[in-house]
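Read top to bottom, the protein sequences are chains A and B. Throughout the first sequence, residue numbering follows my numbering, covering 14 to 269 in sequence. Throughout the second sequence, residue numbering follows my numbering, covering 27 to 235 in sequence.
No lab work stands behind these hints: they were computed from the structure. Model, not experiment: these values are computed from the prediction. Heads up, a few of these hints could be off.
The calculated lysine-lysine pairs, modelled on BS3-like cross-linking and capped at a C-alpha distance of 27 Å, are [unchecked claim]:
id: 1; chain 1: A; residue 1: Lys244; chain 2: B; residue 2: Lys71
id: 2; chain 1: A; residue 1: Lys70; chain 2: B; residue 2: Lys75
id: 3; chain 1: A; residue 1: Lys119; chain 2: A; residue 2: Lys204
id: 4; chain 1: A; residue 1: Lys244; chain 2: A; residue 2: Lys119
id: 5; chain 1: A; residue 1: Lys244; chain 2: A; residue 2: Lys70
id: 6; chain 1: A; residue 1: Lys97; chain 2: B; residue 2: Lys70
id: 7; chain 1: A; residue 1: Lys97; chain 2: A; residue 2: Lys70
id: 8; chain 1: A; residue 1: Lys200; chain 2: A; residue 2: Lys244
id: 9; chain 1: A; residue 1: Lys244; chain 2: A; residue 2: Lys204
With the Cβ distance kept under 7 Å, some of the chain A side facing chain B (calculated, not the full set) [said to hold, decoys possible]:
id: 10; residue: Tyr80
id: 11; residue: Leu84
id: 12; residue: Arg100
id: 13; residue: Ile106
id: 14; residue: Pro113
id: 15; residue: Val123
id: 16; residue: Arg153
The C-beta atom is built at its ideal place from N, Cα and C for all residues, glycine as well.
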Amino acid sequence: MSTSDARSNSQGVIQFRDVSFSVAEQRILSEVSFSVESGETLILLGRSGSGKTTALKLINRLLAPTYGQVLVGGRSTSEWDAIKLRRSIGWVIQESGLFPHYTVEKNIAVVPQLEHWPVERVQSRVTELMQLVGLDPSLRARYPHQLSGGQRQRVGVARALAADPQILLMDEPFGALDPITRAELRKEFLKLQQRLSKTVVMVTHDVREALLLGSRIALFEAGRLIGVFGKEEFAASADAQIRQYVDPIREAALPV
Amino acid sequence: MIDFFIHNRGQILTLTLEHMWLVGVAIGIAILIGVPLGILVSRKKWLRKPVLGGTNVLQTIPSLALFGFLLPAPWLGERADRLAIVALVLYALLPIVRNTYTGIMSVDPLVREAALGMGMTDGELLRRVELPLGIPFILAGIRIATVTAIGVATIAAAIGAGGLGELIFRGVAMVNDQLILAGAIPAALLAIGADLLLGALEARLRVPR
Numbered sequence: 014m015s016t017s018d019a020r021s022n023s024q025g026v027i028q029f030r031d032v033s034f035s036v037a038e039q040r041i042l043s044e045v046s047f048s049v050e051s052g053e054t055l056i057l058l059g060r061s062g063s064g065k066t067t068a069l070k071l072i073n074r075l076l077a078p079t080y081g082q083v084l085v086g087g088r089s090t091s092e093w094d095a096i097k098l099r100r101s102i103g104w105v106i107q108e109s110g111l112f113p114h115y116t117v118e119k120n121i122a123v124v125p126q127l128e129h130w131p132v133e134r135v136q137s138r139v140t141e142l143m144q145l146v147g148l149d150p151s152l153r154a155r156y157p158h159q160l161s162g163g164q165r166q167r168v169g170v171a172r173a174l175a176a177d178p179q180i181l182l183m184d185e186p187f188g189a190l191d192p193i194t195r196a197e198l199r200k201e202f203l204k205l206q207q208r209l210s211k212t213v214v215m216v217t218h219d220v221r222e223a224l225l226l227g228s229r230i231a232l233f234e235a236g237r238l239i240g241v242f243g244k245e246e247f248a249a250s251a252d253a254q255i256r257q258y259v260d261p262i263r264e265a266a267l268p269v
Numbered sequence: 027m028i029d030f031f032i033h034n035r036g037q038i039l040t041l042t043l044e045h046m047w048l049v050g051v052a053i054g055i056a057i058l059i060g061v062p063l064g065i066l067v068s069r070k071k072w073l074r075k076p077v078l079g080g081t082n083v084l085q086t087i088p089s090l091a092l093f094g095f096l097l098p099a100p101w102l103g104e105r106a107d108r109l110a111i112v113a114l115v116l117y118a119l120l121p122i123v124r125n126t127y128t129g130i131m132s133v134d135p136l137v138r139e140a141a142l143g144m145g146m147t148d149g150e151l152l153r154r155v156e157l158p159l160g161i162p163f164i165l166a167g168i169r170i171a172t173v174t175a176i177g178v179a180t181i182a183a184a185i186g187a188g189g190l191g192e193l194i195f196r197g198v199a200m201v202n203d204q205l206i207l208a209g210a211i212p213a214a215l216l217a218i219g220a221d222l223l224l225g226a227l228e229a230r231l232r233v234p235r
């Protein structure tokens, strides 16, 4: 895999075209362009405040670009109906953001219920999803506070997949977990992704996670996109900015 | 003392019911106005200061003065109970509006973001997430408002609106302790009862986290 040209003409499922984003005169993202291909897992990597989460939120229009355009399915997000756009994109966040007053079942069923699916279809979908993400059926009527961190995150993933979206956005989905559970969930994510081949955009600051889960890595630094790299290319790069990320895990004898 | 209660039970009961009616109607109206106002304030930032400040000022007016102020009002002045109810509503607004607002704002920002990210409209966010999670706060506001209103309503007797205050005012005028207690004890019991009842409801609806 080679460096993908950020400005290539290939129609990605998601495309950033010279996107800048500011809040109160402060630049958070500057002239970012890249595209995400169908079925790949693109990692947005960078330290806190690099703008990677902002980039993620621009995709489902939780934020709107100050300049430039974000295209989803070939259409600018500003032309999309925001509600429709969001319901067609799965959204997984850190600590899962589950609804504390809903059971596991109701949490997973949120989007189907918003879309007024018939009851039986919702229920069979919940059963199917719980199996898919490895949740025991006995957990169905539990509330989030009765679950472990790993189980909560599984519910978060199941909830995002409920309406079978083609695109999945994940904001540090495994960030708040203990190392063992994290490793387990990463592995399962890989298996799941092989089966479902969704187009995934995942934010992380963990370079091991990036190399393990990503097809390609988009590196952000201080609101700018340094580049988009294939992961072999990223791991072998001589670029000083990339070495900053890769060297520490080399020294730790490549535990991935 | 007990003899006095038994002897006058008919009148005490009538006045207690009247008292409950005044407070009940007033709190009902205050909820119908206060909860939507609290929701509105959570949506429109610029309304926050004027609305919360305004209800705050209302609460600082001494109750006897408020009854007095309202007396010359055209439609209100005709009937004392109407006037008393309006004054009680004005008092009840602050805790209800403020607690509704606080309840909505107490929702974890991550949960709100998840709801929006999944494609809930503002109305769905409110109905499915913010109100169910904020309901214990709202109920706490209603509870404070109710207990306060039961106390304030005793003063409504000063303008002839009836209620248990009548016994108290009469007792004060006649220097009759039994008469004062005949009004004060049922009023205190009403307040305690309302507090316990609404407190229990609040605890039942609290979401464990």
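- Item | Numbers of unmet hints, in rising order | 1, 2, 4, 10, 11, 16
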